[in-house]
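Peer 1: Listed below, chain by chain, are the residues.
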Amino acid sequence: MQINVNNKPLDTQAATLEMLAAELSLPAKGVAVAIGNKMVQRSLWAETALSEDMHITIIKAACGG
Amino acid sequence: MMNSKLIIAGREFNSRLFLGTGKFSSNDLMARAIEASGTEMVTVAMKRVELDDAEDDLLTHITKNPRIQLLPNTSGVRNAEEAVFAAQMAREAFGTNWLKLEIHPDPRYLLPDSVETLKATEELVKLGFVVLPYCQADPTLCKHLEEAGAATVMPLAAPIGTNKGLRMKDFLQIIIEQATVPVVVDAGIGAPSHAAEAMEMGADCCLVNTAIAVAGDPVQMADAFRQAVIAGRMAYEAGLGAVGDTAEASSPLTAFLNS
Numbered sequence: 758m759q760i761n762v763n764n765k766p767l768d769t770q771a772a773t774l775e776m777l778a779a780e781l782s783l784p785a786k787g788v789a790v791a792i793g794n795k796m797v798q799r800s801l802w803a804e805t806a807l808s809e810d811m812h813i814t815i816i817k818a819a820c821g822g
Numbered sequence: 009m010m011n012s013k014l015i016i017a018g019r020e021f022n023s024r025l026f027l028g029t030g031k032f033s034s035n036d037l038m039a040r041a042i043e044a045s046g047t048e049m050v051t052v053a054m055k056r057v058e059l060d061d062a063e064d065d066l067l068t069h070i071t072k073n074p075r076i077q078l079l080p081n082t083s084g085v086r087n088a089e090e091a092v093f094a095a096q097m098a099r100e101a102f103g104t105n106w107l108k109l110e111i112h113p114d115p116r117y118l119l120p121d122s123v124e125t126l127k128a129t130e131e132l133v134k135l136g137f138v139v140l141p142y143c144q145a146d147p148t149l150c151k152h153l154e155e156a157g158a159a160t161v162m163p164l165a166a167p168i169g170t171n172k173g174l175r176m177k178d179f180l181q182i183i184i185e186q187a188t189v190p191v192v193v194d195a196g197i198g199a200p201s202h203a204a205e206a207m208e209m210g211a212d213c214c215l216v217n218t219a220i221a222v223a224g225d226p227v228q229m230a231d232a233f234r235q236a237v238i239a240g241r242m243a244y245e246a247g248l249g250a251v252g253d254t255a256e257a258s259s260p261l262t263a264f265l266n267s
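The listed protein sequences correspond, in order, to chains W and R.
Here the first sequence is numbered in the working numbering, starting from 758 and rising by one per residue.
Here the second sequence is numbered in the working numbering, starting from 9 and rising by one per residue.
Think of the hints as simulated: they come from the structure by calculation, not from any bench.
Treat the hints with caution; some may be incorrect.
Stated by the list, open to error - With a cut-off of at most 25 Å between alpha-carbon atoms, the simulated SDA-like pairs for lysine to any residue come out as follows:
| # | chain 1 | residue 1 | chain 2 | residue 2 |
| --- | --- | --- | --- | --- |
| 1 | R | Lys-55 | R | Asn-87 |
| 2 | W | Lys-786 | R | Leu-135 |
| 3 | R | Lys-177 | R | Val-189 |
| 4 | W | Lys-786 | R | Gly-30 |
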């Protein structure tokens with residue numbers, strides 16, 4: 758299916774957030790994921806199903822004051 | 009001679025200098041500046057992950073010293089609603105409920121939006137965050153933030169990154185006089201003398217980024233700020249002499265030449 762990750766289209770075979778994280782090789786810590794504007798805790802990734810056109814935001818640390 | 013310790017939300021800090029991580033030319037230089045500064049509180053921003061980019065992990069450069077408290081900021085948000093979202097993302101990503109709340113929708117001067125900052129502080133405190141709000145040097149606002157449960161107030165000395173020093177000095181002095189939470193002078197501090205002056209006035213802490221990051225030698229400048237903050241605090245605790253309008257002799261005035 759096609760989803761949208763950080764404002765870019767992405768074709769994925771992943772059925773859940775956990776599978777998407779593995780597909781994208783997300784690190785074990787230091788990132789956070791949101792669907793739409795709702796943060797999804799890592800403990801819920803396995804049970805969070807992806808759907809067509811879903812908008813996902815993935816953030817990590819950046820330099821800043 | 010040791011200065012008294014800074015305590016924020018029950019946590020003790022050995023340093024009264026906070027460091028920002030923006031604008032350093034490399035992560036290695038940033039890490040060495042953090043070490044030279046002696047800081048135990050370091051800010052970090054958030055950005056979207058680039059899916060095809062394998063850059064190294066910034067956090068490993070920042071948290072080498074286990075005493076360092078990571079302070080994620082909400083830079084980039086335009087209002088309280090976005091700030092709450094950013095805060096939840098930060099808590100999830102970095103495993104800390106400490107937060108530098110900054111809401112500055114105007115890119116030219118990056119001045120904090122007082123109305124949204126107060127609103128966000130109220131909400132975030134209810135959600136269990138330790139909120140350190142970047143704010144205008146407005147004594148009334150600072151009291152409101154304190155009443156809303158802010159762990160500190162962080163009034164600006166001058167606009168972010170300007171290096172102009174304590175342009176808001178008179179108002180910072182009132183804030184320091186009235187505050188019952190630590191006062192962190194944030195933004196605009198451009199030289200160690202500015203930081204020392206803020207500390208001599210009784211500020212609890214200074215947050216510095218640009219002045220160190222863009223210095224000719226950031227590591228040496230970090231050390232200079234470390235010393236300035238210690239000296240300024242020590243002077244405050246020692247009690248500065250009174251300022252007068254007429255001369256007060258510091259040598260005996262006996263006319264020994266004529267005797």
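Peer 1: Against this structure, judge whether each hint is valid.
Peer 2: For each hint, the structure was consulted:
1. Of the supplied pair hints, the one linking Lys-55(R) and Asn-87(R) holds, its CA atoms being roughly 17 Å apart against a limit of 25 Å.
2. At most 25 Å may separate the alpha-carbon atoms for a hinted pair to count; Lys-786(W) and Leu-135(R) meet this at roughly 22 Å.
3. In summary, the hint linking Lys-177(R) to Val-189(R) is supported, as the alpha carbons are separated by about 18 Å, within the 25 Å threshold.
4. For the given pair, Lys-786(W) sits about 21 Å from Gly-30(R) by alpha-carbon distance, which is consistent with the 25 Å threshold.
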